[in-house]
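Trainee: Letter by letter, the chains look like this.
There are 2 protein chains.
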Amino acid sequence: MKLTVLKEYLNESIQHVSKAISSKTTIPILTGIKIDVDSTGMTLTASDTDISIQSFIPMEKNEIQVIDLKQSGSVVLPSKFFVEIIRKLPAQHVEIEVKDHFQTTIRSGSSEIQLVGLDPEEYPIMPGIEENKSVQIPSDLLKTMIKQTSLAVSTNEATPILTGILWTIAGGKLKFTACDRHRLATRETNVDTDPDFTLNNISISGKTLNELSKILPDQNALIEIVFAENQVLFKMSNILFYTRILDGTYPDTSKLIPQAYQTELVVDTQKLTEAIDRAYLLSREEKTNIVKLVMREDSTLEISSSSSELGKVTEELDTFSLTGELLRISFNSKYMLDALKVMDSEQIQIGFTGAMQPIIIRPEEGANLLQLILPYRTTG
Amino acid sequence: MKLTVLKEYLNESIQHVSKAISSKTTIPILTGIKIDVDSTGMTLTASDTDISIQSFIPMEKNEIQVIDLKQSGSVVLPSKFFVEIIRKLPAQHVEIEVKDHFQTTIRSGSSEIQLVGLDPEEYPIMPGIEENKSVQIPSDLLKTMIKQTSLAVSTNEATPILTGILWTIAGGKLKFTACDRHRLATRETNVDTDPDFTLNNISISGKTLNELSKILPDQNALIEIVFAENQVLFKMSNILFYTRILDGTYPDTSKLIPQAYQTELVVDTQKLTEAIDRAYLLSREEKTNIVKLVMREDSTLEISSSSSELGKVTEELDTFSLTGELLRISFNSKYMLDALKVMDSEQIQIGFTGAMQPIIIRPEEGANLLQLILPYRTTG
Chain C
1 MKLTVLKEYL
11 NESIQHVSKA
21 ISSKTTIPIL
31 TGIKIDVDST
41 GMTLTASDTD
51 ISIQSFIPME
61 KNEIQVIDLK
71 QSGSVVLPSK
81 FFVEIIRKLP
91 AQHVEIEVKD
101 HFQTTIRSGS
111 SEIQLVGLDP
121 EEYPIMPGIE
131 ENKSVQIPSD
141 LLKTMIKQTS
151 LAVSTNEATP
161 ILTGILWTIA
171 GGKLKFTACD
181 RHRLATRETN
191 VDTDPDFTLN
201 NISISGKTLN
211 ELSKILPDQN
221 ALIEIVFAEN
231 QVLFKMSNIL
241 FYTRILDGTY
251 PDTSKLIPQA
261 YQTELVVDTQ
271 KLTEAIDRAY
281 LLSREEKTNI
291 VKLVMREDST
301 LEISSSSSEL
311 GKVTEELDTF
321 SLTGELLRIS
331 FNSKYMLDAL
341 KVMDSEQIQI
351 GFTGAMQPII
361 IRPEEGANLL
371 QLILPYRTTG
Chain W
1 MKLTVLKEYL
11 NESIQHVSKA
21 ISSKTTIPIL
31 TGIKIDVDST
41 GMTLTASDTD
51 ISIQSFIPME
61 KNEIQVIDLK
71 QSGSVVLPSK
81 FFVEIIRKLP
91 AQHVEIEVKD
101 HFQTTIRSGS
111 SEIQLVGLDP
121 EEYPIMPGIE
131 ENKSVQIPSD
141 LLKTMIKQTS
151 LAVSTNEATP
161 ILTGILWTIA
171 GGKLKFTACD
181 RHRLATRETN
191 VDTDPDFTLN
201 NISISGKTLN
211 ELSKILPDQN
221 ALIEIVFAEN
231 QVLFKMSNIL
241 FYTRILDGTY
251 PDTSKLIPQA
261 YQTELVVDTQ
271 KLTEAIDRAY
281 LLSREEKTNI
291 VKLVMREDST
301 LEISSSSSEL
311 GKVTEELDTF
321 SLTGELLRIS
331 FNSKYMLDAL
341 KVMDSEQIQI
351 GFTGAMQPII
361 IRPEEGANLL
371 QLILPYRTTG
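Residue numbers (this note's numbering), protein chains in the order written: chain C, 1 to 380; chain W, 1 to 380.
None of these hints come from the bench; they were simulated from the model. Misleading hints may appear alongside valid ones.
Where chains are identical, the list cannot tell them apart; a pair therefore holds if satisfied intra-copy or between any two copies.
Said to hold, decoys possible - Below, in silico cross-link-like pairs of lysine-lysine (DSBU-like), each with a Cα-Cα straight-line distance of 35 Å or less:
no. : residue 1 : residue 2
1   : Lys70     : Lys143
2   : Lys88     : Lys99
3   : Lys341    : Lys70
4   : Lys147    : Lys334
5   : Lys143    : Lys2
6   : Lys175    : Lys312
7   : Lys287    : Lys173
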């Protein structure tokens, strides 16, 4: 293998695939990045067995010659050092040459780096995925859906299935669901598929989807998502992102969401967020994050928290509307802040069915997004 | 005590004094910020016994009324919560009212915060400092001198005196010296004092001086520095910064610096820094940071590092001049990078007196700054 490649392109590819490298892997070959070069271009691969990422560098892009190929071939290079040194090379061109026993030489300007390469034959082969089940979603929308639901994913490894976001497709709608024992988030969108196409019990690690978010392009490109037996493949321009489907059966959460509310209010999203944030600051000192909401006759809200040692925060807030029974309800202010921060409308609706029942937060318009928080059982 | 103050000014003052608050203090009153209000303005004080910072907010500034005073008084408020809540208050004006038993109420817009205040009588009194020994230095210059020497301060608490920067004044020159067992940094400047004014054995914690740097104004204001028995006071506009002088006698380091060189070279600062940085990346993986410098007949340098597991980095570098005996010398590349990063000239001079003797790095012009690094004793 011998080629010259533009540093800028190589660097970008390395940054993409390096998100799949785990420092904790027990499989030595996976501490490396696999490089394959042929007449079509250069492919970089990294994997931690849960995630695998492939990034492709074409020979030419926008009429610029990116790669000057001398000889095809493959090698695996130690990722940690490789990632850092390429970024710091002095010249715009990087020459990579692999000789016997995968001894690799990297040259750029007045720098010469010798690297002990590993045998690419030892590197695991990427899963074969048939493209019979797939959908396409705009990149921005996918990022937003991940952000709006991943906050509710469980961090408790004792219930692995709940560390994922559940993907379901039915009737032309794609829905994300995430929940732990204290909260639930759902987000729905229309997708352009056969109305008979359904998808059940596909749960993908929330952490993995957050990693995916980081490499999803900012431009509103369509991302093709292919569902196979155990794997899901996200296809971006020049990047393939493979991830495992979590084992187990995702619980039915539909019954948790009330069908009608006893009390409903509409408030300014930002003002509520700021008021709860101040009450949260004090509640955090008590380690409980308990904040109390009291609804008043004059349709205003009192939001408060207190600490026996430090004192008390009291906030007053106007509502746009307040209907139904006036409640006093306590909740985890951190969870409420997480939910409020992913609301994408200036006003929000909050629905209650009693002081001990779930709190439902939705954007004022549009029923695509729902956040549910269980209240605290407190007295007074 | 009762007053209204503009949030922006209160916030700025809090940010300044909060640098003196230690979360590890065993003296409960020192977890608070002391507030004193009288007809001249508001003074905030914070201290961790090593450092004390006072910040003053005047009644008026630039013809804006900053404080509206209703009643003078003092209180100590719990710093952690106070610092955060003030920043997040909803309105531009903040009302602070202290009632019986130091119960404090803070009001801003629709927020009301009750805080359990502490008795200001329990707060330690700031050290009295006579102004008979003082110098004035421009803020920028003081920051630069701290940056250029603090890198060489010892982090080993077993020799407390070496965790400080030594300040000496003689013949109208102020000199900073810092050293640990492996390196030494000195920086000198002219100061406008009586030529008979001398200062010896004043060592001030490097950590403290770095904290001071953060609040030194960016505008090139003159900072007055007052030296007392055990304390040094830095006087900025509206801020007083007190710090302890370290106990013990600072060792004589003058004999460490060679008077003449066997080999001298001049190189481009940035190119040398980048070449050593690449060699450092590999040497770091070996935990030794060893980088080797070889001088060649043609006046070029070879800089290299190697790792038995990963490979080798080799860098070639031109010099502007290379005189004297050609050496091979090994050193800690991390220390070299630290020294190179504070050089303020495009070219630097490096002086050697043998492969086992100190390496001296200086800016190409100006003898005010000197960095010394001891080489590694290696074979080959």
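Trainee: Hint by hint, say whether it matches the structure.
Mentor: These are the hints, each one checked on the structure:
1. Lys70 / Lys143: Neither: 40 Å inside a copy, 53 Å across copies.
2. Lys88 / Lys99: Classified as within: same-chain Cα gap 24 Å, cross-chain 61 Å, threshold 35 Å.
3. Lys341 / Lys70: neither (52 Å within a copy, 39 Å between copies)
4. Lys147 / Lys334: For Lys147 and Lys334, only the intra-copy Cα distance (16 Å) is at most 35 Å; the inter-copy one is 40 Å.
5. Lys143 / Lys2: neither (38 Å within a copy, 50 Å between copies)
6. Lys175 / Lys312: The answer is neither: 41 Å in one copy and 51 Å across copies each exceed 35 Å.
7. Lys287 / Lys173: So Lys287 and Lys173 fail the 35 Å test inside a copy (40 Å) and across (54 Å) alike.
In summary, the numbered hints that this structure violates are 1, 3, 5, 6 and 7.
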